[in-house]
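Participant: Starting from the known structure of chain R, arrange chain V with the ligands on it as the hints suggest.
There are 2 protein chains.
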Amino acid sequence: PGLGEKKKMVLPDIVKAGDPVLHEQAREVEVEEIGSERIQKIIDDMIKVMRKAPGVGLAAPQIGIPLRKRKFVHMAGWFPGLGEKKKMVLPDIVKAGDPVLHEQAREVEVEEIGSERIQKIIDDMIKIIVLEDTKEYISYAPKEETKAQDRKPFDLLVILNPKLKKKSNRTALFFEGCLSVDGFRAAVERYLDVEVTGLDRYGQPIKIDASGWQARILQHECDHLDGTLYVDKMISKTFRTVENLDLPLADGCPKLGVR
Amino acid sequence: PGLGEKKKMVLPDIVKAGDPVLHEQAREVEVEEIGSERIQKIIDDMIKVMRKAPGVGLAAPQIGIPLRKRKFVHMAGWFPGLGEKKKMVLPDIVKAGDPVLHEQAREVEVEEIGSERIQKIIDDMIKIIVLEDTKEYISYAPKEETKAQDRKPFDLLVILNPKLKKKSNRTALFFEGCLSVDGFRAAVERYLDVEVTGLDRYGQPIKIDASGWQARILQHECDHLDGTLYVDKMISKTFRTVENLDLPLADGCPKLGVR
Ligand SMILES: [Zn+2]
Ligand SMILES: [Zn+2]
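Top to bottom, those sequences are chains R and V. My numbering applies: residue 35 is where the first sequence begins, and numbers increase by one. My numbering applies: residue 35 is where the second sequence begins, and numbers increase by one.
Isolated chain R (complex conformation) (with noise of 0.2 Å):
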């Protein structure tokens, strides 16, 4: 087949932490272009990739074409890991049959970063989040925890121009992790009760009260919108990968729980 028609197929990549995208301002998705090919587009991409990797949510700049793929310019920073180093510079050899590969080749000039083409890239940061959280991802969590964290199933939800606001003042500590950031997990604060409005994937406005875990999650993902990720806002002293989840948190840090 064509690699056009080979592309099709291809979902895009997560952007990973670092990626100035992750750190920009999404624009508003206009009315009129809700019922586009490409929003809509772009909607079943974020479904799709949310479910493969499997996550809970995902914002739309998480799966702006990442710049990473075409650019090693600048400052690389030190050591320890010369072993990433290299990898960094060779393509990996697992990722051989990835057609992003044929892209790697080439370096964006710096001056081609003003460009339409890496506009229309930032362009893509628009304001979609979708999220859902199922019976089976949270059985594998130990009930006392999803207890706690009162998390429960909710369906599938697209939202367009979210607007997050606090419904009360209570908080609560637990780990989030992010799709963006791999292996690693941090002590986040958030509310506890939150109200979204926004529209849904057919343009009709859309209002959701959540609390607990669909709370955080909406927190989370409108963070997205705005360029901050929960290293932004976590307690450094929790940050830890995921092995090291269910370790205890270090002399001094505030406890888990609601506050």
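Rather than coming from a laboratory, the hints here were simulated on the basis of the structure. Incorrect hints may have been included.
To be verified - Within a straight-line C-alpha distance of at most 25 Å, the following computed PhoX-like cross-link-like pairs (lysine-lysine) qualify:
hint	chain 1	residue 1	chain 2	residue 2
1	V	Lys267	R	Lys267
2	V	Lys267	R	Lys289
3	V	Lys241	V	Lys75
4	V	Lys199	V	Lys267
5	V	Lys82	V	Lys186
6	R	Lys267	V	Lys289
7	V	Lys200	V	Lys267
8	V	Lys186	V	Lys241
9	V	Lys267	V	Lys201
Unchecked claim - Covered stretches of chain R, going by a simulated chain V footprint (3 or more residues, C-beta under 8 Å):
hint	region
10	53-64
11	205-218
12	255-266
13	277-284
To be verified - Per the computed footprint, the stretches of chain V lying under chain R, defined by three or more beta-carbons under 8 Å from a beta-carbon of chain R, are:
hint	region
14	216-222
15	253-267
16	279-287
C-beta atoms are modelled at their ideal positions from N, C-alpha and C, and glycine is treated no differently.
Facilitator: Frame of chain R, contents of chain V with the ligands only:
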């Protein structure tokens, strides 16, 4: 060969973010114990682990025997990354030859944490750092980068009970990483001129006047002895995967370089 012999050949794992030992204050090495087989073995192990990584620095807490292998009790966080969660519970196939897998079968009881055995582990959090930077490591980085960073090779340094003092108020902002936070980097502001006093591995007083990149490494490693990771000091908006290291900084981030 008996398991005892086997273990002698095994280097300690690097403790990853989230392990409480990384957030503990390390204790001083007693002058009388410096010549002991145990302390000399720790120093030798640290040098080997640093070189194997490879990295340019390592602090003793980073090879403290990690509790993580043996304790999967409390609150797991959320995912996204149910995939990862599953991996956490099942032993990873690729690590099947690793002797620590035997330990993974058992859980540490909460009551056991105060036990002599675990206290011995905490006792290992002693004040030792090792560092070195070589022509070869430096050759992997672009010239203009290492020049901006004032990064020059230096021979292996082993410092017991290091005491760090800044020698000027000059600072620089550059990316750094940590062997306990795999795959990520962030910009951290560090002093450019420091003096470190302490003891060498034979108990003799030493004093190092360091500037530039060596001063950064010394500050990073001494921070470990105080239970501080670079994520506690980083400019969070610069936090990124190694693959994204060379992407532009987000809007509003201070520029890299000497301040
Ligand atoms: Zn996220
Ligand atoms: Zn470190």
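Participant: Lysine 267 of chain V and lysine 289 of chain R were given as a pair; does the straight-line alpha-carbon distance stay at or below 25 Å?
Facilitator: holds, 21 Å
Participant: For a C-alpha distance cap of 25 Å, please report whether lysine 186 of chain V and lysine 241 of chain V respect it.
Facilitator: Judged against 25 Å, a Cα distance of about 18 Å means the pair holds.
Participant: Lysine 199 of chain V and lysine 267 of chain V were given as a pair; does the straight-line alpha-carbon distance stay at or below 25 Å?
Facilitator: holds, 18 Å
Participant: With the threshold set at 25 Å, check whether the alpha-carbon distance from lysine 200 of chain V to lysine 267 of chain V stays at or below it.
Facilitator: holds, 17 Å
Participant: Would the hint linking lysine 267 of chain V and lysine 267 of chain R be met if the CA-CA limit is 25 Å?
Facilitator: holds, 13 Å
Participant: Does the alpha-carbon distance linking lysine 267 of chain R and lysine 289 of chain V stay inside the 25 Å limit?
Facilitator: holds, 22 Å
Participant: Would you say the region 279-287 of chain V counts as covered by chain R, given the rule of at least 3 residues with C-beta under 8 Å?
Facilitator: Since three or more residues must qualify, the claim that chain R covers the region 279-287 of chain V holds, with 7 doing so at under 8 Å.
Participant: Between the region 277-284 of chain R and chain V, are there enough contacts, at least three residues with CB-CB distance under 8 Å, for the coverage claim to hold?
Facilitator: holds (count 8)
Participant: Regarding the pair lysine 241 of chain V and lysine 75 of chain V, is the alpha-carbon distance no greater than 25 Å?
Facilitator: holds, 23 Å
Participant: If you look at each residue in the region 53-64 of chain R, do at least three have a Cβ nearer than 8 Å to any Cβ of chain V?
Facilitator: With 5 residues closer than 8 Å to chain V, the region 53-64 of chain R meets the three-residue bar; holds.
Participant: Counting residues of the region 216-222 of chain V that have a beta-carbon nearer than 8 Å to any beta-carbon of chain R, does the count reach 3?
Facilitator: holds (count 4)
Participant: Count the residues of the region 255-266 of chain R whose Cβ falls closer than 8 Å to any Cβ of chain V, and tell me whether that reaches three.
Facilitator: Coverage by chain V holds for the region 255-266 of chain R (4 residues, Cβ < 8 Å).
Consistency with the previously given hints is maintained throughout, with no hint failing.
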